[in-house]
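Using the hints provided, position chain Y relative to the given structure of chain V.
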Amino acid sequence: MALQLSQDMHEPNTILIQRTLRSGQSVCYNGNVVILGDVNPGAEVTAAGNVVVMGILRGTIHAGATGDDTAVVIAFRLQPTQLRIANHIARSPDEDFVADPGHPEIARVKDGVVTIEAFPPGGERQGKN
Amino acid sequence: MSEVIVVTSGKGGVGKTTATANIGAGLAMFGHKVVLVDADTGLRNLDVVLGLENRIVYDLTDVISGNCRLRQAIIKDKRFEGLHLLPTAQTKDKSAVTPEDMKELTKELQEGFDYVLIDCPAGIEQGFRSAIAGADRAIVVTTPEVAAVRDADRVIGLLEAAEIREPKLIINRLRPRMVERGDMMTIDDMIDILAIDLLGVIPDDEQIVVSTNRGDVVIADENSLAGRAFKNIVRRILGEPVPLMNLQTGNPIIRRLRRIIGLG
Numbered sequence: 000m001a002l003q004l005s006q007d008m009h010e011p012n013t014i015l016i017q018r019t020l021r022s023g024q025s026v027c028y029n030g031n032v033v034i035l036g037d038v039n040p041g042a043e044v045t046a047a048g049n050v051v052v053m054g055i056l057r058g059t060i061h062a063g064a065t066g067d068d069t070a071v072v073i074a075f076r077l078q079p080t081q082l083r084i085a086n087h088i089a090r091s092p093d094e095d096f097v098a099d100p101g102h103p104e105i106a107r108v109k110d111g112v113v114t115i116e117a118f119p120p121g122g123e124r125q126g127k128n
Numbered sequence: 000m001s002e003v004i005v006v007t008s009g010k011g012g013v014g015k016t017t018a019t020a021n022i023g024a025g026l027a028m029f030g031h032k033v034v035l036v037d038a039d040t041g042l043r044n045l046d047v048v049l050g051l052e053n054r055i056v057y058d059l060t061d062v063i064s065g066n067c068r069l070r071q072a073i074i075k076d077k078r079f080e081g082l083h084l085l086p087t088a089q090t091k092d093k094s095a096v097t098p099e100d101m102k103e104l105t106k107e108l109q110e111g112f113d114y115v116l117i118d119c120p121a122g123i124e125q126g127f128r129s130a131i132a133g134a135d136r137a138i139v140v141t142t143p144e145v146a147a148v149r150d151a152d153r154v155i156g157l158l159e160a161a162e163i164r165e166p167k168l169i170i171n172r173l174r175p176r177m178v179e180r181g182d183m184m185t186i187d188d189m190i191d192i193l194a195i196d197l198l199g200v201i202p203d204d205e206q207i208v209v210s211t212n213r214g215d216v217v218i219a220d221e222n223s224l225a226g227r228a229f230k231n232i233v234r235r236i237l238g239e240p241v242p243l244m245n246l247q248t249g250n251p252i253i254r255r256l257r258r259i260i261g262l263g
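Here the protein sequences line up with chains V and Y, keeping their order. Residue numbering for the first sequence follows numbering that gives the first Met the number 0, starting at 0 and increasing by one per position. Residue numbering for the second sequence follows numbering that gives the first Met the number 0, starting at 0 and increasing by one per position.
Hints are computed from structural coordinates only; laboratory data are not their basis. Treat the hints with care, as some may be off.
[As the list claims (entries may be wrong)] DEER-style ranges, computed between Cβ atoms: (1) V/E116 to Y/G12: 38 to 46 Å; (2) Y/K102 to V/N86: 41 to 49 Å; (3) V/G30 to Y/T185: 34 to 42 Å; (4) V/L35 to Y/G65: 29 to 37 Å; (5) V/G30 to Y/N245: 36 to 44 Å; (6) Y/R213 to V/R18: 40 to 48 Å; (7) Y/V145 to V/I88: 37 to 45 Å; (8) Y/T185 to V/D93: 18 to 26 Å.
[Stated by the list, open to error] From the structure, some residues in chain Y lie toward chain V, with a derived Cβ separation under 7 Å: (9) R149; (10) I155; (11) G156; (12) R174; (13) I192.
[Stated by the list, open to error] Over 10 Å on every C-beta distance to chain Y, these chain V residues come out as not near it, computed from the model: (14) N29; (15) I88; (16) V113; (17) T114.
All C-beta atoms, glycine included, are put in the ideal place defined by N, C-alpha and C.
With the rest of the complex left out, here is chain V (with noise of 0.2 Å):
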C-alpha cells in the first residue's frame, strides 16, 4: 500500500527543531515539523502539516493544524499525551502502561477516525515476533 501523505510534505517550507522539547516549550509551525529528540510531557508542537518526531513523543501534537486532514504524525515511539489532526482529537489511553510496540508508528486520520499503525507499513512484520 503506497503511504500517502499530506501535500505539504512536498512542499519547502519544513523546519528541523535540533532538539528536544521540555515541558512548557512549544513549537507552532506553518509546515511540516521534524524534530531531532523527544517531545517530553507538558511541550506542544503545532503544524499546518506532518509531523515528524525522531525520538519519544509524549507531549501534545497537533498536526494538519490548519484543517488538512490527510497530515500524518510519526514518531519512533508515539505516546503523545493529546493527538490532534486537524479538527480529530484523540488521548492516550487511561491505562497506566501502554506497551512499547518496539517499532515506529504512524497516526494518520482514517474514515474520520485517528488511526495509529506500524511505520513504515507492514513493519510489524519486520518486528521480533
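Below, chain Y without anything else, positioned relative to chain V:
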C-alpha cells in the same frame, strides 16, 4: 576557581532548601569556603533550616538597596567552619531583587568564597529568574512524582534557554521498597524523561525531618542513609567519581527470602 551553583526545582516542597543546606555544609566539611544565598525573598527558610534565624541583622535586600555592606549581612554558621549564610528579607517580596542585582551580588561573593550556593524559590517567575541570573551551574531537585518531574523538565528547559549548561539532577525522597514493588517511579523512568546527568539519589529518611526541625543538617549524621547520600553528592560536585549507593535496606538474604515468599 569560584563557582556559583543554583539549586532549583520548579515545584515547591521537593527539598531545595534542605539540599542547599546539606550540600553547603558538606562542601564546608571538605574545607571549602561556602556561602549560601537565600533567594526566596518573602518566604525565607534557609536560615530556619540552619538554625541561624536569630542572628539575622541585615539581609540581601539591605545589601541591594545600600543599607549595609555585603560583609555585614553575611552570617557565619555556628557548627561548620567555612559555612556562611546570606539571608533574605521576610517582609518584602520578589520584586525587591532583580536579575541584575543578583548578577552583581554573585560576582562580589565569588571574590570571597569558593562556592556560592543559591537556594532558588519555587516557581518560574521573577524570583526564579533573579536566582539563576548569576549562576554558572545548576542543580535540579526532583522527587519521584509525575508532577515534580514535569516541573523539573520545565525548569531544565528554562535553564538551557538561560545558557546554564548541563544542569545536574538530584532525586530526593526515593523509597526503594516502593520502587521494588512497582509503586513509585524508578530512577531510570526519571532519567529517561529529563535526560540530564544524575548527581545523586537521596532516600526518604525520617532523620531529615528530625534534623531540619532542630535546625541541624543530616549530612553531619554518619548513621543516616540520607546523610551519606548527601556526602556522596558533595564528593561528586568536587569531582570525585563516587558510585551510586545501594539503597536497598536490610540483609540481602532476608530480602531475597521475602521476595520468594512474596513479601518483598
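Tell me, in ascending order, the numbers of any earlier hints that this structure violates. Structure breaks hints 4, 5, 7, 12.
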